[in-house]
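For the sequence shown, full-length UniProt numbering begins at 1 and goes up steadily by one.
Derived by calculation from the structure, the hints in this document are not laboratory data. Errors might be hidden in some of the hints.
Said to hold, decoys possible - Label pairs and their calculated CB-CB ranges: (1) Gly-103 - Arg-239: 14 to 20 Å; (2) Asn-116 - Lys-8: 38 to 44 Å; (3) Gln-137 - Asn-96: 23 to 29 Å; (4) Lys-60 - Asp-156: 49 to 55 Å.
Unchecked claim - Simulated crosslink set (DSSO-like; lysine-lysine; CA at most 27 Å straight-line): (5) Lys-253 - Lys-67; (6) Lys-181 - Lys-8; (7) Lys-67 - Lys-8; (8) Lys-67 - Lys-201; (9) Lys-181 - Lys-253; (10) Lys-139 - Lys-201; (11) Lys-201 - Lys-60.
Just so you know, even glycine gets a beta-carbon here, dropped at the ideal spot from N, CA and C.
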Amino acid sequence: MAERSEEKVPTVVADRVDIVYRVNGTGAGRGSATAALNRILRRKQAEKAAGVRKVHAVKKVSFVAHKGEAIGLIGTNGSGKSTLLKAVAGLLPVENGRIYTDGQPSLLGVNAALMNDLTGERNVFLGGLAMGMSREQIKERYQDIVDFSGINEKGDFITLPMRTYSSGMAARLRFSIAAAKDHDVLLIDEALATGDRSFQKRSEARIRELRQHAGTVFLVSHNNKSIRDTCERVLWLERGELRMDGPTEDVMKEYEAFTGDKKPAAKKPAPKADATNAKPDATKTGTTQPDAVKAGLPS
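Construct the complete structure from the given sequences, taking the supplied hints into account.
Below you can see the structure in the form of structure tokens.
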């Protein structure tokens with residue numbers, strides 16, 4: 001019985017997943033709206049006729065995520081990280097393969113769909129309701145959400161429309177709303193890159209709390225330190241393919257060697273000469289001696 005209780009419980013299973021974008025080629029946009037509709041209804045024939053090309057964003061990716069894991073997704077720009085997250089959230093169809101999830105994945109910034117014309121206060125309630133929280137639950141956690149976001153640190157911004165917020169303020173509020181609820185699977189795309197270091201630390205601590213409540217967290221980030229501080233496992237995507245899956249430090253070392261991000265160790269400064277014991281040396285200090293001195297003659 002003890003062994004069974006220690007078994008890892010899968011929350012997300014990706015089985016040889018392909019995700020394809022279709023890009024219109026030359027002449028694909030010509031014609032009337034009716035012609036465009038006909039092309040959609042006869043997609044395969046239209047693709048050949050109109051020059052539609054397929055872009056394979058994700059290719060044959062397989063992995064299993066378990067409860068209590070925080071998994072980082074890394075890779076260079078255009079490697080398919082955000083595309084894969086959207087597919088796990090059910091927002092993008094897969095061309096081939098399957099994605100199985102236990103519970104409802106929540107993609108940060110999508111489930112908490114906020115409205116720019118409403119105040120931050122109204123958006124807290126709107127976002128909470130969109131995630132399935134009751135009004136009573138939102139009221140109980142409202143002040144914690146505001147404090148966590150840091151929106152009011154420099155003024156009463158929570159009562160202003162969100163269109164007056166900077167992009168960083170809006171991102172912090174979205175994360176704070178999403179983090180107010182325990183999720184089966186939470187998908188975070190670059191959210192920790194916003195805000196100052198104190199907000200990043202609060203976010204990382206909250207992610208650890210979510211993991212303790214048997215949730216699974218996926219984090220896409222170009223900040224290697226955030227990945228190291230938050231995740232114990234990393235998936236490295238490159239050109240749509242899963243290049244490596246393993247413990248964070250093992251994968252990060254390979255990734256940094258690949259990208260050249262690993263900075264060389266700083267050189268130690270040369271020890272300073274002791275001015276009290278140093279003797280003046282004309283040849284080292286660059287002072288010019290008279291020719292008579294050089295020749296050993298009296299001046």
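**Prompt:** Holds or violated: are the alpha carbons of Lys-201 and Lys-60 at most 27 Å from each other?
**Reply:** 35 Å, violated
Check: Taking 49 to 55 Å as the hint, is the beta-carbon distance of Lys-60 and Asp-156 inside that range?
Finding: 52 Å, holds
Can you confirm whether the C-alpha distance between Lys-181 and Lys-8 stays at or below 27 Å?
23 Å, holds
| message | Please verify whether Lys-139 and Lys-201 have alpha carbons no more than 27 Å apart. | response | Holds. Lys-139 to Lys-201 sits at ~25 Å (cutoff 27 Å).
Check: Quick one, are Lys-181 and Lys-253 close enough, alpha carbons at most 27 Å?
Finding: 34 Å, violated
Exercise for the section: Look at the Cβ atoms of Gly-103 and Arg-239 and judge whether their distance stays inside 14 to 20 Å. Expected result: 31 Å, violated
- Message: Lys-67 and Lys-201 were given as a pair; does the straight-line alpha-carbon distance stay at or below 27 Å?
- Response: 22 Å, holds
Check whether the Cα positions of Lys-253 and Lys-67 lie no farther apart than 27 Å.
25 Å, holds
(Q) Check the hint pairing Lys-67 with Lys-8 against an upper bound of 27 Å on the C-alpha distance. (A) Distance of about 7 Å is within 27 Å: holds.
Review point. Cβ-Cβ distance between Asn-116 and Lys-8: within 38 to 44 Å?
Key: 42 Å, holds
- Okay, Gln-137 versus Asn-96 on CB: inside 23 to 29 Å? At 40 Å between Cβs, range violated.
The structure fails hints 1, 3, 9 and 11 (numbered hints given earlier, in ascending order).
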